[in-house]
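Participant: Residues per chain, in single letters:
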Amino acid sequence: MKLELLFSGIGGQGVMLLGETLCAAAIRAGKKVTFSPFYGQEKRGGRTMCNIVVSDEMESPIISEAKVMLFMDERSLQDYEYMMAEDGVMILNSDTIDIEPTVKCAKVDRVPIYTMAQELGNAKTMNMVALGYVLKYLPEIDYNLVIEEVEKAFARKAKLIPLNVKAVETGYAAAQKAE
Amino acid sequence: MSKEAVFMQGNQAMAEAAIRGGCKMFFGYPITPSSEVPEYYARVMVERPEENITYIQAETECSAFNMIAGAAAAGHRSMTATAGPGFSLGQEAMSYMSAAGLPGVVVQIMRPGPADGEILPAQGDYFQITRGGGHGDYYTLALAPWSIQELVEIMQESFVLAEKYNNPVVVVSDAMLAKLRESVVLPDYTDNEAAPEEKHNTLTGAKGRKRHLITTCGFGAVQWNQFNNDLQKKYAEIAANEKRYESYFMDEDPDIVVVAFGAYSRVCLSGVKMAREAGLKVGMIRPISLWPFPDNAFEGLDGKQFLVCELNAGQMVQDVKLSVKNKDDVHFFGMLGGIVPTPKEICAEIQKVEVK
Amino acid sequence: MKVVYEAPKINTGVPTTYCGGCGHGIINRLIAEVIDEMELKEKAVLLWPIGCSCVNVNTMDIDQLCCLHGRGPASGTGMKRANPDNLVIVYQGDGDMVSEGMAEIMHAAIRGEKFTVIFVNNAIYGMTGAQMAPTTLLGQNASTAPGGRQVINSGYPVKMAELLAELPGTVYSERVTVNTPANIIKAKKAIKKAFELQMKGEGMTFVEVLSMCPTGWSMSPVKACEWVDTNMTEIFPLGVVKDETEGLKQQEEAAK
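Order-wise, the sequence lines are chains E, L and R. Under our numbering, the first residue of the first sequence is numbered 1, with each subsequent residue one higher. Under our numbering, the first residue of the second sequence is numbered 180, with each subsequent residue one higher. Under our numbering, the first residue of the third sequence is numbered 536, with each subsequent residue one higher.
Simulated from the structure, these hints should not be mistaken for laboratory data. Be careful, since some hints might not be right.
Using 20 Å as the maximum straight-line C-alpha spacing, the simulated EDC-like pairs for lysine to aspartate or glutamate come out as follows [claimed, not checked]:
| no. | chain 1 | residue 1 | chain 2 | residue 2 |
| --- | --- | --- | --- | --- |
| 1 | E | Lys32 | L | Glu183 |
| 2 | L | Lys343 | L | Asp409 |
| 3 | L | Lys386 | R | Glu761 |
| 4 | R | Lys694 | R | Glu731 |
| 5 | L | Lys452 | E | Asp56 |
| 6 | E | Lys157 | L | Glu226 |
| 7 | L | Lys452 | E | Asp142 |
Could you put the whole structure together from the sequences, leaning on the hints where they help?
Facilitator: Written out as structure tokens, the structure reads:
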């Protein structure tokens, strides 16, 4: 198998941590995983994007198109939608994205990621809500492995573990309910 | 040995591999995209005292390279990691270590030049790395891995090679391989290092032996001619022993041969696979040793078309032309400034090559 | 017959190539004598600069590294950090240290590298043909300062012993000279003290030696010895500039 993903947002939204946590879980599921980060020049508030390749053998770290894309804001969508695979899925943060994608794809999921995170009491958990949602399209990565990696990712801020685990659960549950 | 794969950044995995490979001394100056390496060493020095790490943030790369020279002369494994501007500052010491026979190891994490340039992936320092880079007739062994797994293995081996030939070794990385995170099985601690006083010509104090002298000052033309001839003999030996490459789909008699190195060659291989799916007969050669260049990989390939893909204006392509019979069969696809083409774009370039 | 004077034991008998009246030979000898007296032959590593001294690497039977121009303090850092029990001597001239290698010496002192620097200041580039050094005196003739060094082009001579004494990493800084027998004895004491402090693991120990270069200065050896007194010591005063260890000792004694 080979699955190519692209996540993008604004610096500080935790897109990179989302990607890294997913990768760590995929490795534990026995996959070859490559994570390529791309940063804007700004230290805060710039564009962040990552390519992720999950496969059985080593592949190019640079992808031509992505099967699953997640966009947290409109500019990310505008910047990277051209990389969408025609048979792929696009996940949009519907709280901040009002525009329509201009490229063809099999499916667009509009998810109120920001609202869901706020309802959990902390908007910063957006990335973990998104992580839970994305898992819908990654059946080869075991949900429990992801939860374990989230716990590891927040090991230094143990207080935050329950909240972030809850955020993953919330996103995951929302994805199961969605079409 | 822990066989379990971990998820690690290229720079950090490389630093850990070096530490496990017996390199306990790091001298460096932070420069993007290399800075995670000095940061890693600095942290291990504080957090894992049992490793006995010496980490010095040097005032310049010029000094860092000379610190390596001193530590190597004292018989200790030592390294630095830098990018183009710092590598340029270190060239004086590369020339020196080559002449002095000092086994320093340098990681060159390429970014687009010339001058300050950018901090993205590039391969524009190929000439500097493979042609000596500094003054005088010398070469440094240069190895260019394409994955973090290969990077950690080459990182450890580079110390053994440096000590085998008493010559500096350059590990060639770039901003892509440096910042990439991927699954890697970290190599175990090695046990292949002699004690400092047992290594070649080390300066540990003349105890129970004749004095050792390391000098690169000539004593007249006749002596210096001989000195240089001896150096050339060493380079000939390295060239005979250390040419390394891998080939892909080359046993299927391809019409077109893509040639690429480093992390970018993975992108190229994906492009090759796409072209093959589209029905083209394509193979690939990936030089791992950039110096010595694996010209032997091109033996018996007369009549094929070669497409050299590099993130520069055309540097390795010259070595490929020197390695084939008909240089008109060698084509080039380059990209500058830090842009990395996608596999799809490389596939499109392969499709443009006219098969004769 | 009683031996009252002989060559240092670590001398190989190979003659030096220094010009008549040059101070380097004396300074080399003092280093050799102190290594003998302290029985440090098996621990000593001498790092040479680029200059007249680097072609005299065959005169001493100890481990030696001939460094790149100005980089001795950097290579010395790597060497002393690798093998801290060794006696590491970084020997530098004025062009080597104060021009080409100013960053290296300053930062080695900033870090308090625990080796000894012997700085031979003869206010001229001896090896390459009497070009101006950063320590050349104002008005002093040099092949690259015909008619004498001018402030407008070249600024002022640099006082390294004082400059390095400003840095907390330097524990000992003294300026000596070798132009008279009495001064040679003082110079030897300074070198010995520096080596002793190094072996105790103190910070950087620095000995600046004003040295004669009759060839570069275009004067007779006798005149050159006089010139040190009449011209050099005014700008480069002799004596201890900093001795942290004395200060510490006094503090300790006062505390008792």
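Participant: Which constraints among the numbered hints does this structure fail? Numbers only, ascending.
Facilitator: Going through the list in order, the structure violates hints 3, 4 and 7 and respects the others.
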